[in-house]
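**Q** Protein sequences appear in the order of chains A and B. Note that the numbering used here has the first sequence beginning at 127, numbered continuously upward. Note that the numbering used here has the second sequence beginning at 58, numbered continuously upward.
By construction, these hints were calculated from the structure, which means they are not laboratory data. Heads up, the beta-carbon is just placed ideally off N, CA and C, and yes, glycines get one too. Careful, some of the hints might be misleading.
[To be verified] Just some of the chain A residues that point at chain B, by a computed CB distance under 7 Å:
| id | residue |
| --- | --- |
| 1 | K128 |
| 2 | I132 |
| 3 | L156 |
| 4 | L189 |
| 5 | D400 |
| 6 | L436 |
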Amino acid sequence: MKCAEIRLLLEDYEDGLLDERTAALVEEHLAACEACSAELEEIRTYKKELLSLERVKPPDDFLQRVRERIERPPGWKRFLGILSGAGGVRMPLQLAGFAVAAIAVVFVFNVIRLDMQKRPGALRKDAVTEKRLEGPAENAVRPEVREKDEAGAEATPGADLEKAGTEVPTEAHRKEETVPAEEPVKAEAVFPPEETERKMESAPVLQTAAGSEVLTVMLAVYPAAREGEAGGADFRARKSVPVSGDRVSDLYTNDERDESEEMSPAGPEDDTLDAIEYGVRDLSGTVLSSDENRMLIEVPADRVGDLFALLEKYGKTSKPDFDPVGLEKVRISIMLVGRE
Amino acid sequence: MYPQAGLLYGKSIRGRRFLLLFAVLSCLRGRNGGKTGPPVSESQEDPDLIAAFLSGNERGFDLLVLRYQDRVFNVCYRLLGDYEESLDAAQDTFIKVFRGLKKFRGDAEFSTWLYRIAVNTCKSRLSSVQFRLSKRALSLEGGRGTEDCGAPLEVENGSFLPERMLERREREEAVQHAISALPGDWKTLVVLRDIEGLSYEEIASVTGKNIGTVKSKLSRARRKLREKLKDKV
């Protein structure tokens with residue numbers, strides 16, 4: 127066996143999970159290969175390190191605390207109890223009424239303030255940013271979406287991707303509606319990588335988050351071909367799935383997985399997003415939400431360059447043309463355009 | 058002269074009804090207060106303790122808590138990297154168990170079910186306090202990170218600790234920091250396998266993934282953690 131194959135088995139070997147014959151093959155190789163022996167030593171050190179971690183214990187009264195919490199009435203009951211004067215805290219009814227009214231006033235005020243922020247031009251900074259982000263390339267794609275919607279074209283996974291843009295209610299998009307298409311690009315279920323790249327590079331969905339000093343950019347990462355697989359396979363747009371709490375709501379999702387792939391030793395699930403998440407944290411960024419195929423992150427504006435360098439490691443990235451100068455943070459929605 | 062007295066002694070039909078109601082309520086109270094049900098002892102297996110709890114003896118639940126609190130707490134601590142957060146998460150886990158034990162079907166081990174609840178509780182907690190924790194994690198890089206943590210090695214003044222213990226504490230902090238920096242899934246797998254020592258089958262059951270996926274993800278997670286630890290030391 128070659129070193130690469132042996133190294134895949136080393137963890138199982140160390141865990142004692144290999145059958146006798148395979149274990150013997152590994153041992154034979156280890157006796158002759160210094161590099162693999164060093165790798166095994168590293169695995170052993172790692173395991174020892176983790177196993178020797180001190181077991182952190184809960185306080186002695188842990189059970190009592192659990193019991194108290196189980197027996198404690200729910201929050202709303204406690205609130206009512208305070209209002210009615212139970213539990214030793216007495217609050218006159220008038221005061222309670224005043225408190226409720228005050229909460230209601232604050233709530234209404236916040237709603238009004240939010241509404242003001244959503245109005246066009248309310249935030250000058252956002253408006254400027256959006257202007258900078260507009261470009262002919264985006265115009266080339268968005269009107270096509272409108273055309274497809276109007277024509278009631280048959281639902282294809284590609285069309286879902288395009289529809290995603292129509293649900294983002296930004297000023298930039300409203301403006302686009304009035305600009306005629308220069309080069310309409312057709313949404314297709316299956317298209318070659320070159321076309322996908324061209325399309326995504328020309329169509330980053332850019333969105334300013336109202337009321338915050340962040341910019342939301344949506345970009346696609348095409349994972350690099352797996353080792354041993356033929357390159358140049360088709361990229362395919364995937365069907366849409368809504369993400370709660372995220373305005374960029376219709377992106378991509380995994381198609382049904384092949385069960386046999388699921389069981390393959392290399393693992394069916396692409397860990398690209400996991401790896402990106404890891405890298406984002408290294409860049410002092412935060413992962414706001416993520417699922418199988420996409421992730422909403424926030425990174426300091428001065429680390430955006432590093433982020434793109436990171437993303438390039440995991441595949442071809444459609445790099446949107448924008449300038450984060452003047453922004454504190456940038457919010458980026460990354461989606462993984464998987465290979466078939 | 059005193060018609061209410063007749064009620065108390067059950068002399069009237071309404072009085073008898075009252076007594077009956079009182080008796081039923083007393084039974085229910087006894088059930089809730091844990092004074093009924095079969096007796097239990099520490100040596101009993103999980104299914105016996107669960108059965109005792111379900112038939113009204115809450116001491117069964119208490120013994121389950123005492124049996125598993127260290128394991129659950131340690132998992133929470135390793136996943137969240139914060140003592141207070143872990144304390145809340147571990148308590149939440151057992152409260153969920155208390156309220157959901159009726160739904161436990163017994164087709165999996167109780168411990169697996171418990172780990173699953175603990176992991177899910179930590180996951181939702183992580184997503185809600187992610188920003189706060191990531192900020193705190195950054196501050197860990199600069200020095201001590203367990204001010205709020207009741208970790209066993211903590212002392213008021215580090216200068217009195219023997220050098221070796223200090224080194225060990227720093228090393229532990231570095232390892233915990235590296236674990237905390239792993240993405241959610243990877244972290245869960247590393248904690249369950251390499252710290253808690255669960256089998257791949259158990260981990261598959263806890264996480265709801267198949268064994269192949271668990272193995273491949275764990276392998277990647279370990280590689281990343283090894284790299285990280287190499288950098289730190």
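**Q** Which numbered conditions among the earlier hints are violated in the structure presented, ordered from lowest to highest?
**A** 1, 2, 3, 6
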